[in-house]
Amino acid sequence: MSRHESAEIVARERPELLIFCGVAGLIGTLAPLAMIVWADAVAEHDFIADTISDLARGDHKWIMDLGFYLNAGGLLALAIAAAHAHLGRAGWSIGIVTLALLSLTVVMLGLWDKFHDADYNPPGMTVHTKLSFALGPLYLVGPLLMAQGAGGVRRAYLWLFLASAGLWIAFAAAFKLAPTGYDGILEKVAITMTWLWTVPLGALFISRGLGKRHRITER
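Start counting the sequence shown at 1; every next residue gets the next number (full-length UniProt numbering).
Calculated from the structure, these hints are not laboratory results.
Please note: incorrect hints may appear among the correct ones.
[Unchecked claim] Derived DSS-like pairs (lysine-lysine); straight-line CA-CA distance at most 25 Å:
no.: 1; residue 1: Lys-61; residue 2: Lys-188
no.: 2; residue 1: Lys-61; residue 2: Lys-130
no.: 3; residue 1: Lys-176; residue 2: Lys-130
no.: 4; residue 1: Lys-176; residue 2: Lys-188
no.: 5; residue 1: Lys-212; residue 2: Lys-130
Please read these numbers as outputs of a predicted model, since none were measured by experiment.
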């Protein structure tokens with residue numbers, strides 16, 4: 001792609017959209033942490049042993065459900081920004097689809113605790129549990145596919161995305177294999193590792209939008 005063609009593509013990017021989606025992505029990424037702290041304060045929850053899904057059950061489940069929905073909205077916002085400012089080839093495109101699928105999965109995780117019927121599932125394998133298995137490959141593939149494109153903007157993004165994928169799958173596997181007395185904390189650490197992908201991605205779009213807006217005001 002020539003420099004002139006690249007300039008034309010940048011010119012078509014809307015800074016307000018990139019900034020809005022970047023901010024929404026950051027809020028959606030970090031909101032579940034606030035919901036976990038809030039729900040943990042009002043519900044009986046063992047931070048080490050109990051999982052995030054345990055907080056989405058009981059009288060205060062609406063708090064954690066809100067965290068799921070905010071997270072889904074943030075992931076969708078990142079997908080929109082990534083499609084608007086396309087920074088790669090086929091891998092980046094698949095990464096966009098991955099973000100959208102993650103958003104859909106997280107919404108369904110929040111909804112399905114209300115709508116599933118455990119009687120039709122094997123013990124411990126509700127629809128909610130089955131959906132959670134989709135998170136494993138999605139959070140692994142997404143940052144791996146988008147690492148090169150983001151790395152073209154800043155090299156640090158490449159290493160953060162690769163670290164996110166590697167640490168996520170390591171702690172997610174440990175969560176599945178760990179005794180129930182420790183799986184809660186391992187799950188929370190695994191989710192935190194995904195921030196090495198989503199937080200820099202949101203920051204990338206905010207920075208790109210601000211830079212684009214600055215160039216527009218200089219004309």
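A quick look at each hint next to the structure:
1. Lys-61 / Lys-188: holds, 17 Å
2. Lys-61 / Lys-130: holds, 19 Å
3. Lys-176 / Lys-130: At roughly 13 Å apart (the allowed maximum being 25 Å), Lys-130 and Lys-176 satisfy the hint.
4. Lys-176 / Lys-188: Given pair Lys-176, Lys-188 holds - Cα atoms ~12 Å apart, limit 25 Å.
5. Lys-212 / Lys-130: violated, 42 Å
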